[in-house]
Amino acid sequence: MTRIVGWLFNHRETGPLIGLAALGIAFQLASGGKFFTQPQMSAVAALSSSVGMVALGVTILMINGEFDLSVSQTFALAPIAMAILVSEYEWSLSVAFVTAVAIVSMIGLLNGMLTVLAGIPSFIATLGMLFIVQSVNRKLAGGTPVELFDESGWAATLLGGEIQDTPLTAPLFWMLAAGGWLWFVLERTRHGNATRAVGHEQGMVARAMGVSVLRTKLVNFVICAGLAGVAGCLQLVNFGSSSVNAGRDYNLMAIVAAVIGGTSLFGVRGTIIGSIVGAILLGTLKSGLVLIGTKGEYYAGLIGVLLLAAAVVNQWAESVRDRGGR
Amino acid sequence: MKADLLHQNERVRRTVCREPEAAYDGNSRQSIGRREFVRRAVQLGLLPPAAGVMLAGCQRAGSECAGPGGESDRITIRFVGSAMNNPFWDQIQRGAESAGADLSGVILNYVAPDEFSHANISALIKSTVAAKPDGVAIDYRGRMFEAVTQQALDSGCAVQFYNNYKGTDSSDSRIVRLAKTAVGLDKYQAALRSAEVFLPTLEPGDPIVLFNGLPDSPEHLEIQTAYMKVLKDAGWSDEKIEVFPVTLDPAENYQLMKTYLAAHPTTAGIICWDSVTGSAAARAKSEAGMNIPTMAWNLDRTIMRAISDGSLNLTLTQQPFLQGYYAVTALYMKLKYKFIDPPVVDPATFLVTRENIAEVKELYAAGIAG
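So the sequences go chain by chain: A and B. My numbering applies: residue 1 is where the first sequence begins, and numbers increase by one. My numbering applies: residue 327 is where the second sequence begins, and numbers increase by one.
It cannot be assumed that every hint is accurate.
Stated by the list, open to error - Calculated pairs, DSBU-like style, for lysine-lysine (alpha carbon to alpha carbon, straight line, at most 30 Å): (1) B:Lys687 to B:Lys566; (2) A:Lys295 to B:Lys558; (3) B:Lys687 to A:Lys295; (4) A:Lys34 to B:Lys566; (5) A:Lys139 to B:Lys687; (6) B:Lys555 to B:Lys566; (7) A:Lys295 to B:Lys506.
What the hints contain is simulated information worked out from the structure, not anything from laboratory work.
Could you build all of it, start to finish, from the sequences and the hints given here?
Shown next as structure tokens:
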């Protein structure tokens, strides 16, 4: 028993998982059994999958000791670019998707170069990029939504399909798949080791070990922007429309999901599974509070209170773990 | 009766204000020379934007930059919007820019803040006025804009209010006058007019939800207040009306609204007052299998599709293109012909339903309805 408890405490995902389970049970009881139902789980899945996918990229970058605040705009740019390529230039959905993701990945590369080569703190470099991409989005789409309602075929099913009467949608599947891939990269590859090493002591240890800080960071910036673009495109295909306002607060929400999931704001520490749990917790909160009939004027406040509670529990679990480690 | 309401857009009020003591003095407009311009810009810490403005002016106006104090026939008009990324404000911009292109000699520059806030708009008006245009169009929203408007008027810049008729409570008679001669829509009245058409589709006393996509905007609160009043006057109690704040993200709104309707299956009507929440509400209720009356404001493709397929009963367009166009035209009349007061133009409420959606689609495709 003690060994099981010890094992649980050694995993950063444990705290958020317990919090998620507690929240789910609380909402199930408070809603009179309506929470664990297909429509509700479907809403949680939809609210979690986009921000979750963005949070995955943000997590790997945070472990790396960097931030990308431009993800909310790259999230919006990719679907706008994809919709324009499909509707105005009559490209196939699959080619437009790959092109849109490639475009936003280039933005990630640019973010990385500004941070690593020009030495601009990522907080500033990506904030500047956020405004630039925002302007591009406005130029491309203006205030009107872009739409892809009439798409069908294998690419549409693969990117945005859903299994009827289940909460299983393509965006959720892709978030989990991307999570699995990134977990493998982080835990089982040299790049994963390099990512954690680079996040430590501003990369000095990594350099001493012969790790290429430049390459590691560039790759992670590209992954982060690319995943944000993928998330935006998946949402467009699944939902049918998107706009410059899509994902407008995802740059902060993704960080929140990562931190709730146990990722440190100061680099090195963090887990992919924790971030997925953090994103699902966010989706559960947003959806569950509406389901139990929270009055509109208290809705945002309660989300804030519960997020703070989750952060406090995490902090406590972290300190217990640290004491155990000593 | 219904037909009358549907075509209120054709109503254009024309009034001539006759208050000589507050008359706009068109001759007080000053042209300043390049050196003076740079000197003032340096004083204000605005050299980089000033350099941009001068460069743009040289490119566009040619002879205007020929020398200090040089006169020209060009009229520079700055149009300060209140937000970006929004179909309504896109149309305002399009209307203003179309007028700028149509009116001879006008150089029009449209600017708007990234995020809607009084502070952001006010700051933008300030920097716009500092650039000394001939005229500036301002979405005056209350006392917080009084000082900057006075600054514009004191500097000899012609001012035109648009989008509403705020400012009649100002202690400055010039601002009162501008408020009374604005190009704009009385949003409170527009909400009441749309409610006149929408309410008969509801059963009095049934639960109603009002989804507010911008709960922090005073303008949205004003519209909310109008709907609350009309519902209460028609017999709804406080308990039967819920106001729920949502976001500007359509996909997130859709999920939250779907959940809301699952939690409140007795909801009998949905009122929204922008296109982002309106289109999400139409889809959410259809997805939930609820055939309940729903209304929105403004137009985009998704809204028009919802009107066509019946998932949205009604939307209200504030004729933003006309507002932008007429505001620039009014400034042009003041500057070019020294009009003391241009006519008041109220583009009024244009209610779009299934009956007239075909006409509206044509206007939308032409880029003049939104």
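Status of the hints after comparison with the structure:
Between Lys687 of chain B and Lys566 of chain B the alpha-carbon distance is near 35 Å, which puts this suggested pair outside the 30 Å criterion. With a C-alpha separation of about 19 Å, the suggested pairing of Lys295 of chain A with Lys558 of chain B holds against the 30 Å cut-off. At roughly 37 Å between alpha-carbon atoms, Lys687 of chain B and Lys295 of chain A are farther apart than 30 Å, so this suggested pair is violated. Between Lys34 of chain A and Lys566 of chain B the alpha-carbon distance is near 22 Å, which keeps this suggested pair within the 30 Å criterion.
About 23 Å separates the Cα atoms of Lys139 of chain A and Lys687 of chain B, which keeps this hinted pair within 30 Å; it holds. In summary, the hint linking Lys555 of chain B to Lys566 of chain B is supported, as the alpha carbons are separated by about 13 Å, within the 30 Å threshold. Restraint check for Lys295 of chain A and Lys506 of chain B: the C-alpha separation of about 39 Å exceeds 30 Å, so the hint is violated.
The structure does not agree with the numbered hints 1, 3, 7 stated previously, though it agrees with the rest.
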